[in-house]
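Sequences are here, hints too, so could you generate the full structure?
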Amino acid sequence: MSQPVVKIEELHKIYESGDVPVHAVRGVSLEIHKGEFIALMGSSGSGKSTLMNMLGCLDRPTRGTYFLDGIDVSKLDRNELADIRNQKLGFVFQGFNLLSRTTALENVELPRLYTHDRVSNKQMREKAMRCLEIVGLAQRFDHMPNQLSGGQQQRVAIARALMNDPQVLLADEPTGNLDTKTSVEVMGVFQKLNDEGITIVMVTHELDIAHYCKRNLILRDGVIVRDEPVVDRLIAENEIKKLKQAEAAAKLIHATH
Amino acid sequence: MNLMRIITTIRMAFRALRRNKMRSVLTALGIIIGVGAVIAMVSIGNGAKALVEAQVASLGENIITVFPGNFTQAGGVRSGGGGGGSFTSLTPEDATTIRQQVLNVPGVSEYVTTRGQLLANGLNWNAQVYGVGPDYPYIRSWRIEEGNFFDEVDVQNLGKVAVIGKTIVDNLYPDVDPIGQSLRIGNVPFRIIGVMSVKGFNLNGQDQDDAVFIPYSSHMRRLSRRTSLTQVLVQAANADAISQVQADITTALMERRGGGEPDFTVQNQQEIAAARTAATETMTYLLGAIAAVSLVVGGIGIMNIMLVSVTERTREIGIRMALGAHGKDVLTQFLIEAITLSSLGGILGVAIGIGGAELMGSWKGWAVEPSKTAMVVAVLFSASVGVFFGFYPARKAARLDPIEALRYE
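Chain order of the listed sequences is A and B. Counting along the first sequence from 1, when you hit position 242 you're at 241 in numbering that gives the first Met the number 0, and nothing is skipped either side. Counting along the second sequence from 1, when you hit position 71 you're at 70 in numbering that gives the first Met the number 0, and nothing is skipped either side.
Everything labelled a hint here was simulated from the structure, so no lab data went into it. Heads up, some of the hints might be wrong.
As the list claims (entries may be wrong) - Pairs of lysine to aspartate or glutamate residues, derived as EDC-like cross-links and limited to a Cα-Cα distance of at most 16 Å, are as follows:
1. Lys327/B - Asp82/A
2. Lys165/B - Glu145/B
3. Lys87/A - Asp71/A
4. Lys180/A - Glu238/A
5. Lys327/B - Glu79/A
6. Lys241/A - Asp207/A
7. Lys243/A - Asp178/A
8. Lys327/B - Asp178/A
Stated by the list, open to error - Computed spacing ranges between beta-carbons, pair by pair:
9. Glu79/A - Thr281/B: 53 to 63 Å
10. Arg77/A - Asn303/B: 27 to 37 Å
11. Gly135/A - Asn303/B: 35 to 45 Å
12. Asp164/A - Asp400/B: 25 to 35 Å
This one's a predicted model, so the numbers in the text were calculated from it and none came from an experiment. Cβ coordinates follow ideal geometry from the N, Cα and C atoms, glycine included.
In structure tokens, the structure reads:
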């Protein structure tokens with residue numbers, strides 16, 4: 000088997016800020032290979048957010064090692080971590096986190112602006128347009144976030160995460176702010192990206208959303224208590240069809256009455 | 000950080016300012032008003048100063064003036080020409096002494112003046128009547144428009160000849176050629192032999208063309224019956240000779256008096272001009288103080304808004320950092336926003352200041368002269384105000400923790 004994209008060993012995170020030290024992550028070891036689609040689940044306080052922050056190189060582990068794409072990132076400083084985030088990771092947040100009063104295209108371009116090796120504005124624009132095409136929003140490139148629906152905003156955020164061709168796409172509750180139908184649509188985008196070979200790690204507390212992934216991890220009290228492949232995997236395309244049929248049926252019933 | 004990254008950061012800063020146009024303008028308003036007021040006042044002050052300088056220069060080149068009475072010991076401020084009537088210490092013999100003993104003086108002219116009632120062609124006019132020497136037009140670089148100026152013979156003969164200015168021509172000889180015409184000054188009939196070219200107004204706002212020039216000897220014996228001169232005008236050969244000539248005049252006149260306290264004052268144009276512009280300079284310092292205060296107030300305004308902006312955009316900063324921005328990138332962006340605000344404020348202020356000064360100038364008839372130095376200094380100073388007051392908020396933004404910032408509501 001090829002070298003894992005993510006390899007963490009005995010990862011610990013202890014917060015010393017309060018009176019009592021909080022041991023949020025207590026020795027997590029994990030390997031993620033290229034093309035995986037992982038759902039990280041757990042109740043609040045299980046340490047999944049802390050683990051996600053460390054995976055996302057936003058936070059450093061207290062103990063343990065973290066190899067991302069073969070680089071030991073557990074010892075890097077603030078600026079080096081920023082460069083790793085920029086070049087190796089793509090982020091999708093629960094609250095979309097797009098820059099307001101900034102067009103979709105400019106939002107997608109944002110990560111490229113902080114990359115060291117520069118490309119021309121034209122190339123950057125073309126790349127951003129391709130990313131918007133992937134998520135099916137190319138025609139909305141000049142819209143401001145407040146002119147887009149929640150699902151569309153999240154798709155712009157996904158396009159932004161794709162801008163620098165990341166090794167891993169990290170999504171923190173990406174469907175948390177969306178209704179069922181839009182959630183399924185967004186999961187469809189993730190599945191499509193995964194089919195094209197992009198590695199995705201997503202935090203969710205919704206079991207049905209986790210069923211769109213390929214592998215489920217359950218975290219409790221800072222340790223992984225279950226790690227299993229998804230057996231009855233849902234395919235977003237089929238689910239959308241079912242939803243549409245149900246909708247049509249409801250309309251039909253409504254019409255006959 | 001490479002150049003492209005800086006350019007990108009500048010573009011992002013401009014974009015952020017454009018997103019909040021109204022706020023950006025209001026933030027810069029303090030600087031705009033401060034710089035505008037200063038530039039306007041400096042322009043007007045400069046105009047006044049330039050006018051004084053032009054008038055001093057119109058006296059002629061390298062002119063040294065000898066006044067009766069000792070003014071330098073009494074504070075050094077004179078009340079200007081035309082006065083000095085109560086001092087009788089300066090005589091035509093003093094002028095002759097200077098002419099004979101001082102080197103490097105191509106021109107010396109006696110100078111005595113009174114107002115006189117003029118009568119010609121049945122028309123009345125009141126004007127300043129000057130008794131001067133034949134060198135006078137040469138010293139003052141004053142061209143004779145028509146006819147001639149009187150010469151040494153006229154001075155010795157107490158000649159009843161006069162040269163008049165354009166204003167006199169306009170008022171007394173509207174329809175005829177004045178040359179050869181007669182002119183009564185008081186009760187004495189004079190013959191007009193020349194007309195001076197137009198000179199305009201002098202330092203005291205007097206119309207220099209409203210003047211009659213006659214030989215000083217005729218003036219003293221026939222008209223004013225004075226024994227002393229109002230001034231002696233001396234022209235130095237060149238600018239470098241001025242101080243030596245001044246010293247030589249003092250020595251020569253003191254020698255003639257045989258010691259004691261000098262009862263005369265020797266001043267050159269620069270000294271006269273300096274006294275005139277002293278008030279303007281005090282104004283300039285005052286303006287500088289106002290400028291400093293207004294720019295500090297404007298800077299505090301910018302700092303205030305930048306602090307609000309950092310808090311308001313905490314989440315944006317978090318996003319940028321999560322996507323790979325270094326603390327330095329965020330610092331640069333906020334610093335550039337502050338500098339842009341303050342420099343644009345400075346530039347707008349300069350434009351408004353010049354516009355305002357021109358408007359005041361055309362309304363009140365003041366001379367306005369915008370100073371390029373003041374403009375450059377104002378813009379540079381505004382920019383540095385941006386750096387100074389923008390640094391603290393920018394550093395605050397740069398030190399944010401991306402996790403905390405992303406969680407900020």
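Handout entry: Given pair status - Glu238/A, Lys180/A, alpha carbons within 16 Å
Key = holds (9 Å)
Handout entry: 16 Å Cα cutoff - pair Lys165/B, Glu145/B
Key = Holds, because 11 Å separates the two Cα atoms, which is no more than 16 Å.
Handout entry: Distance restraint between Lys87/A and Asp71/A, which requires alpha-carbon spacing of 16 Å or less
Key = holds (13 Å)
Handout entry: Restraint status (C-alpha distance of Lys327/B to Asp178/A at most 16 Å)
Key = The given pair, whose Cα atoms are some 39 Å apart, is violated under the 16 Å limit.
Practice task
Using the Cβ atoms, figure out if Asp164/A sits within 25 to 35 Å of Asp400/B.
Solution key: holds (27 Å)
Handout entry: Holds or violated: Lys241/A to Asp207/A, with C-alpha atoms at most 16 Å apart
Key = holds (15 Å)
Practice task
Verify the proposed pairing of Lys327/B with Asp82/A, using a straight-line Cα cut of 16 Å.
Solution key: holds (13 Å)
Exercise for the section: Given the range 27 to 37 Å, decide if the beta-carbon distance of Arg77/A to Asn303/B lies inside it. Expected result: holds (29 Å)
Problem - Satisfaction of hint between Glu79/A and Lys327/B, Cα-Cα up to 16 Å - result: Measuring from Cα to Cα gives roughly 13 Å; hence the hint holds.
Practice task
Decide if the proposed pair is consistent with the structure: Lys243/A and Asp178/A, CA atoms, cutoff 16 Å inclusive.
Solution key: holds (15 Å)
Practice task
Using the beta carbons of Gly135/A and Asn303/B, state whether their distance is inside 35 to 45 Å or not.
Solution key: holds (44 Å)
Handout entry: Distance restraint hint 53 to 63 Å, applied to the beta-carbon atoms of Glu79/A and Thr281/B
Key = Given a distance of about 59 Å, which is inside 53 to 63 Å, the answer is holds.
Taken one by one, the earlier hints fail for this structure only at number 8.
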